[in-house]
Each structure stands twice: as structure tokens, then as C-alpha cells.
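Given the structure of chain B, go ahead and fit chain S onto it with the hints provided.
Number of protein chains: 2
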Amino acid sequence: MGAVEELLKEYEKVWAIGYSLALMGWDSETYMPEGSARERGEASAALVALKQSILTSEKFLDLVERAEEEASDDVERGIVRVLRRALKYYTRIPVELLREEERVTNEAKIAWRKAKKRADFGTFRPYLERIVEIKREEAEHLGYENHPYDALLDLYEEGFTVKDADRLFSGLKPLTKELERILSSGWPQEHPLEETPYDAVRMRELNERILDILGFEREYQRLDTSAHPFTEGIGLYDVRITTWYHGKDFRRSLLATVHEFGHSLYERGCDPSLWKTPVCGGVSLGVHESQSRFWENYIARSRAFSSLVAPLVREYLNLDASPDDIFTYFNLVRPSTIRVEADEVTYNFHIMLRYELEKGLIEGSIEVKELPQAWNEKMEEYLGITPPNDAEGVLQDIHWSLGAMGYFPTYSIGTVLAVQIGRKMEEDLDLPSLVSEGKFSPIREWLREKIHRWGSVYPPKELVRRALGEDLDPKAFVDYVKVKYR
Amino acid sequence: MGAVEELLKEYEKVWAIGYSLALMGWDSETYMPEGSARERGEASAALVALKQSILTSEKFLDLVERAEEEASDDVERGIVRVLRRALKYYTRIPVELLREEERVTNEAKIAWRKAKKRADFGTFRPYLERIVEIKREEAEHLGYENHPYDALLDLYEEGFTVKDADRLFSGLKPLTKELERILSSGWPQEHPLEETPYDAVRMRELNERILDILGFEREYQRLDTSAHPFTEGIGLYDVRITTWYHGKDFRRSLLATVHEFGHSLYERGCDPSLWKTPVCGGVSLGVHESQSRFWENYIARSRAFSSLVAPLVREYLNLDASPDDIFTYFNLVRPSTIRVEADEVTYNFHIMLRYELEKGLIEGSIEVKELPQAWNEKMEEYLGITPPNDAEGVLQDIHWSLGAMGYFPTYSIGTVLAVQIGRKMEEDLDLPSLVSEGKFSPIREWLREKIHRWGSVYPPKELVRRALGEDLDPKAFVDYVKVKYR
Chain B
1 MGAVEELLKE YEKVWAIGYS LALMGWDSET YMPEGSARER GEASAALVAL KQSILTSEKF
61 LDLVERAEEE ASDDVERGIV RVLRRALKYY TRIPVELLRE EERVTNEAKI AWRKAKKRAD
121 FGTFRPYLER IVEIKREEAE HLGYENHPYD ALLDLYEEGF TVKDADRLFS GLKPLTKELE
181 RILSSGWPQE HPLEETPYDA VRMRELNERI LDILGFEREY QRLDTSAHPF TEGIGLYDVR
241 ITTWYHGKDF RRSLLATVHE FGHSLYERGC DPSLWKTPVC GGVSLGVHES QSRFWENYIA
301 RSRAFSSLVA PLVREYLNLD ASPDDIFTYF NLVRPSTIRV EADEVTYNFH IMLRYELEKG
361 LIEGSIEVKE LPQAWNEKME EYLGITPPND AEGVLQDIHW SLGAMGYFPT YSIGTVLAVQ
421 IGRKMEEDLD LPSLVSEGKF SPIREWLREK IHRWGSVYPP KELVRRALGE DLDPKAFVDY
481 VKVKYR
Chain S
1 MGAVEELLKE YEKVWAIGYS LALMGWDSET YMPEGSARER GEASAALVAL KQSILTSEKF
61 LDLVERAEEE ASDDVERGIV RVLRRALKYY TRIPVELLRE EERVTNEAKI AWRKAKKRAD
121 FGTFRPYLER IVEIKREEAE HLGYENHPYD ALLDLYEEGF TVKDADRLFS GLKPLTKELE
181 RILSSGWPQE HPLEETPYDA VRMRELNERI LDILGFEREY QRLDTSAHPF TEGIGLYDVR
241 ITTWYHGKDF RRSLLATVHE FGHSLYERGC DPSLWKTPVC GGVSLGVHES QSRFWENYIA
301 RSRAFSSLVA PLVREYLNLD ASPDDIFTYF NLVRPSTIRV EADEVTYNFH IMLRYELEKG
361 LIEGSIEVKE LPQAWNEKME EYLGITPPND AEGVLQDIHW SLGAMGYFPT YSIGTVLAVQ
421 IGRKMEEDLD LPSLVSEGKF SPIREWLREK IHRWGSVYPP KELVRRALGE DLDPKAFVDY
481 VKVKYR
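Protein chains in written order, with my numbering: chain B, 1 to 486; chain S, 1 to 486.
Chain B extracted, bound-state conformation (with noise of 0.2 Å):
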């Protein structure tokens, strides 16, 4: 046996317990009795723990070794790649580090949660005060070229550093002018049916019924409800997403539900060849957004889109909609304090905002206890408005109380990929026509041909360059909005 083999043969375990863990996580949030929450937690940590320890065994570390120098191909090559990058994350990080985030998220979590409950940051202040201080430690162990923030940025989008971030976001800048624009020349900021509502039941149907035209694998996926919307990729034949209902405003149930279902296409479409490796899934978190994002923003929010939908909408909800009407209210521009409430256009500057703390905070520019002053004023410049209170501004978001710093570009990342797909796949596709007859099939095999068969094979910049000619590109998306938004 071949050192490649013999590595993928260990990795079966590994493999099985990412399994397990994932169906736990689906499970915890669909339908685990809520009391058993604490025993779940044990039952998860001690099989990350167990994960963790066969994957730095000397028997593992021995034959990646022996691989790397093996490995002849590019699936081989990227086994090896992907577990390099696990490895250095265990083997550099010391493990009484780890364990301190763990538990200083733990109560973070916590904290969060009472501080947004009462909008006082000073709740959350000292855990996230502590917080910053072990992701300044961890960058500091994981290593960087540049800037610490580089080693972060690299947990969740491999080979993404600030200085890509930054050219990322200035590229973005030009939406300032563009969102004045839009704002001035009259385009609808509210519409009826946000306030419109409707039955869950009934919507649920027209969930399932657009999934069933979208192309969902009834075999190997399923729709359920959770308090907020996700996509877990349990395996390669196992996948499954949620969404949420309201009870009014159904494109945010509708819409979500569409964006998961681009994620689970994505987590479906790996080659068959690469299951059960490292390789099998997806590369990356700005990578996967732009898989959610193309088939929210670029398929649901599309004229042609509004108008394959409105006579479902008619028939599940019994609602009077033309495509006019939905096309307006799926794409209504209008500047919010929420993040997750954001249109296409404004959503980016919330995320800038973001990056742009969180990269004061890594290289020590910016205070904690400075968040909510520096939080607002930034609100105040990009979409002329000020947060009523920190639940709606600096704490709105759970991201930072679980040690997730660097993660936030991953959503602008994914939301500029998505045109770019987009603008490429309309050179080989006449998107108008297909969406609007409902024939999706040559749309799943374009993104599965150009993207979701490689897997992680290659690293996200590599990928996105092999599947569209070209790097990333904000100016892509400040066009698109042009365009769209006249």
C-alpha cells in the first residue's frame, strides 16, 4: 500500500468522527431535546478531542510525511495540502491555548447573550477583551508574512491576507456613491408584503416545491426548520439545510432557503472519487458563500426569477403578487443597522466595518473598550445612520464571543464571487430564459463542472482562477449594482 493510501485509510476514522459530529450539529439544532444540550456538549468535545488526537499521532504526522513526498497528482497533492493546514493548527497552537478559548467562549456565548438582552457592551467587555488577547497569541503561534490578522484570515479562507482584504474593500468603497444614488433616485426602500403574512404550513410548501425545482436530491437531502437557517454537509450523500418562518415577510423565509439550498449543492457536488478524504467538501468559507450567495442573489433576486416564483406564491400563499411587485420587494435598498437584514447593496459596507475593527483589534489600533463609539461612527459613514443602542450595533452579531475573528471577509468574499460566477456562467448559459422556465439542470452542472467537483483540491484563490479566468473582483460587483440598481 501506497503511503497516499495507507494516510487515507488512517483518515477513515477522522472521517466518521467529522460524521458524527456533524449530525450532532444538525440534530442540536432540529431536534435535540433542548435539556440535553450539556450532554451533547461532553459528547462533542470528547470526540473533537479524540479527532484531534489521532490526527497528531505520530503514526498520522509519519504518514503525511511519507505522502507528501509520495503524492504525484493534484488530488494527492491536495490531501496533503488540506491536512498540513489542520495539522499546523493543532501542532502550533499550544493546547492549554485552545483550551483556554474553549472556555472563555463558553462563557462568552453566555455573556453575549445577556449583554445584547440588555444592550450593555460593558457585559461583554472582559470576555472579549480576552478574547482578542488569545487571537493575538494564536496569530502570533500560527505565524504570518505581514500582518497577525493574515494568520487568522487564513483559518477560514486559505492563502486570504489584508492585503487582499484591503483591496477587496476599497474596491467596495465605490458603493458609497452608488447607494447615494439609488437612495436619491426614488428606488422602493419598503414594499407591502414585508409586512404581508402568512401561513407557515402553507409556506413550508412553497419552500419545498422551489427546492424541487432548483434541483434538490430528495435521496440524499432534506429541508427542516431551525431557529436561524444552515446547511450541514453530514457527508457526501447526506445533506441537509433549514430555514425559518416568520410568519410574515416571506422572502426572508423563502430567500433563506434558496441561499442554504446553494450551499448544499455545493457540499453534493464533490467527486464521487474524493469521498471520504480530506479533499471532499468545501474549500473554503468565502468559496461556500459564493455558492449561497450566486443562487440568493443572482437566481432569486433576478427579474426572471420573480417571475417563475409568482405564480407559486399566488397558489401556496394566496397572495396577489405580480413579478413587478416581487422583483421590487425581493430587492428593496434600504439601510439598516442589522447585518443579516441587508440588501445586496448596502450588505458589504457591513461587513467593512467589521474587517476594519477587527483588524484594529488584532494589531492593537483599537481598543476594545473603544468598539461601540468606533462601531457607530463607522454606521454613521458608510450608511448615514447610527444604531438606536449596542444590541443593534456592536453586539448584534455572535461571531466574536465564539473566537470567531477573520471570519466576517469570508461573507463579502462570497458575495463579490457570486456576480463574478454569475457574469462568467452568462457567457455560456442565457441565465434570463432558463431561470424563468424553471430549467436548472445545465445551471448545477456549470457550477459542478467549474467548482463543486474539485472539492478542496485546490486552494480557493487557484480554484477561483481555474474555474473563471480571473481573480476576485469588487469592481464586478460595483457594476452589477450599477446596472441592477438603474
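Don't read these hints as lab results, they were simulated from the structure.
You may find that some hints are simply not true.
Taking lysine-lysine pairs in the BS3-like style, the calculated list, with each CA pair at most 27 Å apart, reads [unchecked claim]:
#: 1; chain 1: S; residue 1: Lys-173; chain 2: B; residue 2: Lys-59
#: 2; chain 1: S; residue 1: Lys-248; chain 2: B; residue 2: Lys-9
#: 3; chain 1: B; residue 1: Lys-88; chain 2: S; residue 2: Lys-13
Partial list, derived from the structure: chain S residues whose beta carbon lies under 7 Å from chain B [what the hints assert, rightly or not]:
#: 4; residue: Glu-10
#: 5; residue: Lys-13
#: 6; residue: Leu-50
#: 7; residue: Gln-221
#: 8; residue: Asp-238
Just so it is clear, the structure is predicted and the values come from calculations on it, not from any experiment.
Where a beta carbon is used, it is the ideal one built from N, C-alpha and C, also for glycine.
Using the frame of chain B, we list chain S on its own:
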């Protein structure tokens, strides 16, 4: 750290793997997309292998050895005893034989399904022959004192032997006379409610309502639907049950729900101090079945329960049935060829027959090819009926195709023990009034105190003696039938 403590720490990995396997088991019968069965199988197999490798590692074996010397109380001795039993299985049976069994049973399951569909024993016969050979080999590896079947019985019911089983079933033989008497006395054999349709949604609500009354803990438990009802103790704080819905004959759904409630109560009742140890959980299949049968037979098939449930049947199913109607309907006595449809009186004959055949197969006094005829002859002898074909005869149960031989007798152990428990409980509690008033907390407490909290600390025979002050006693069951069906 003492050896026991160290052992338990190491055992946490095994516990966590078992936890995840249980969740996977539950999920695969409830929500898993159908197409992912093969992947699920691979993940389970990898986790089972990982669990085995931890249990049989030198480190673990050494810890068990040291813990055995140090064990200083019943719980610690119980922990060592239970682990020794698990290790016996993994260390005495050659791994090649276990693999062979897995391979054969995987194919046998499919062959059995096909054979049952066609009512053709020949299709299944070669597989069953191989399974019997494997089981006989396993028995030799496991070792036994008097009879090779003892080794197999012990896997499901610790310490239970052919001698015990012979005593049990010969003690149940007087039921033949009772059955004759009951049938000739005009005791009802049929009831119109068997054919009365119900609305599945309302039936589910009725089940949930009954579970609430019985004391189902929503915080740690849930009810779902599956092809066959089962209980999955994922962890001490996460015990899930399922039931089924056929659209008519509501008794089947209701009694299955109550049956599984009994299993789940046992799983939930283990003393929290035993959490995550090898002794947390039911001690044997027989004792487990005694808990489900107690609730199903002793409680739900009682006159008191009929009067409790009659108004609910009216409220939820819109059926106008008096308590007497329901009591009759729940206690029809009608010899049937199908075990899972059998009533209290005829049930044990189904088990007796299987026990005698299994014992014969293992000791070599019966050959597989003789099974269909032997089955039908015993059916005629015990119940006076002959299956119309092998699908309703020798092919009706899945157990043998899974390699489960020595399992069936635990059903009778549970059925008999349930009555002994009920009798004993009536010395302390006024069951009829508690049940008719829906006051189940003293009943739950009694079971918890006497049986549940001990988990597997004591072997089943000792547990029964401690709880009831007596041994398994078929006469108690015969007497119960004599009185109830008069």
C-alpha cells in the same frame, strides 16, 4: 488518580462514540435521507471499529486489570464486570469470525427480505445455515459450562442459561390449558375497533397527550414516527422513542407508544452518578423488556387504564368507546401466526417455539432444512394453527438474519418479569386508583428506586432478587392470566 478513575476517563471516548452511534441509529430510522444508507453504514462501521480498538488496546486492558484489583464498592465492581463482558466478546471471538459474521448477515438480511416477500424459505436457507455455523463457532470461542446455547443467551441476558430457559418455558406450558379455557369460555376474540380508521395527526396528538400523563420528560425526550417502534437511549439526558401509525386499529399505535415509554423510562432512570460510565443503561434485554411490558401489559391493558383513556379516545379520535369496550379491545385473545400481533396469553408460545428451535439448531439436533416443518408443527401444537406459508411462519422475524440467536427468550423473560413487578408493586401502591386517576409519579418512582437507578451495577438475576426478593417465576405469569382472563 486511582485505576477506576483513570479507566473511566479513558472510557469517556468509548461513551462518546457509543453516543454518536446511538444518534446515528435513531436518525437512520427517522429522518435520514434514504440514499445515504450506504454512507451511514461506512461511518458506523468505522466508529464501531474505533470503539473496539480503544476497548481492546493494551492501555485499556491494563486499566481494567488494575481497576479490578482496586474496585471497592458495588458500582466499581459493576463497572469492571460490564467491561469484562464487553472485552470477552471482542477478545475471545477471532476478528475474522466477526468480520465473516458481518459479511454474511449483511447478505442474509437482503436474502431474508427477498425470501419473505416470495414466501420461499429456500432463498434464505443457505444464509441461515452459515449463520448457525458461525453462531456455533462463536459459542465455542466464548465458552460455556453445560450447553453451547448458554454462551449465546448470555450475550443478551447475562447469566441466563438453557437450564433457566427450560425452567421458564416449562413453567409457562400450563398456559396451553388456560388458552383452551379462555377460547372456549367465549372471551372476545375480535372487536370492531380493530377495523375502525383514525386520523393520524389526531392519533399522534393522543399519543403525546398520553405520554404527558405518563410522565414523559419533554426536556430530555421526544416521540417520532418510524417503520417499527423503538427506543434509543442516546445519552442519559436524551432518550427518544418512536411509534407507528396504520390509519386504523388505534390500539397498535397507542400500546406501542406506551411500550416504548417503558423502555425510555428505564433509560432515563439511571442514577446520574453513573452517567458516562459503562454501567449507565439497562442491564439486559430481559429486564429492559420487563419495563416496556410492565407499562404496556400491566398498566395499559388494565381496567383502570381503560377508564383513564376512554374520554381521551373520544376527545382525540372522536370514537365513542366505553372503558369496557376499550378493555375488551385491548385484551382480545386470538391465536395468530404472527408474533408481533400476539396477545398476552398467546405471546409466550411464539417465544417458546423459537427458543426450542434455536436451541436445537445450536446443539445440532435440528437442521436448518427441517425448520419450516418443525415451525409449523410447533405452531399447531401450541396455538392450534398452521401458517399459510413460510412468510407468516419461519420467515416472519428479522432476528436470525441479523445473527441474533439467543435473543428471543429475553422477550418472555420481560413479559413474565413485568407481571412479577406489577404484583410486587401492588404490595406498596394502590395501582387501580393511581392509574385510573392518571397519577403515575409514584409508579415511576417505585421503578426508579427498585430497578432503574441501578443501571447495570448488578447482573440481572441479582438485580431482580434485590428489587423483588424473588427470582424469575413463570407461575406468577400463569396466575396473572388465570385471574385476568376469567
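Okay, the hints, checked on the actual structure:
1. Proximity of Lys-173 of chain S to Lys-59 of chain B is assessed by CA-CA distance (about 60 Å); at most 27 Å being required, the pair is judged violated.
2. Simply put, Lys-248 of chain S and Lys-9 of chain B have alpha-carbon atoms about 50 Å apart, too far for the 27 Å limit, and the pair is violated.
3. Restraint check for Lys-88 of chain B and Lys-13 of chain S: the C-alpha separation of about 24 Å stays at or below 27 Å, so the hint holds.
4. A distance limit of 7 Å between C-beta atoms decides the matter here; for Glu-10 of chain S the minimum to chain B is near 11 Å, and the interface restraint is violated.
5. Annotation: Lys-13 of chain S was flagged as interfacial toward chain B, and the flag holds, the nearest CB pair being 5 Å apart, inside 7 Å.
6. Evaluation of the Leu-50 of chain S hint against chain B yields a held restraint, the C-beta minimum of about 5 Å falling below 7 Å.
7. Hint status for Gln-221 of chain S relative to chain B: holds, with the closest Cβ pair at about 6 Å, below 7 Å.
8. The beta carbon of Asp-238 of chain S is positioned within 7 Å of a beta carbon in chain B (closest approach about 4 Å), and the interface hint is therefore held.
Checked against the numbered hints above, the structure breaks hints 1, 2 and 4 and satisfies the rest.
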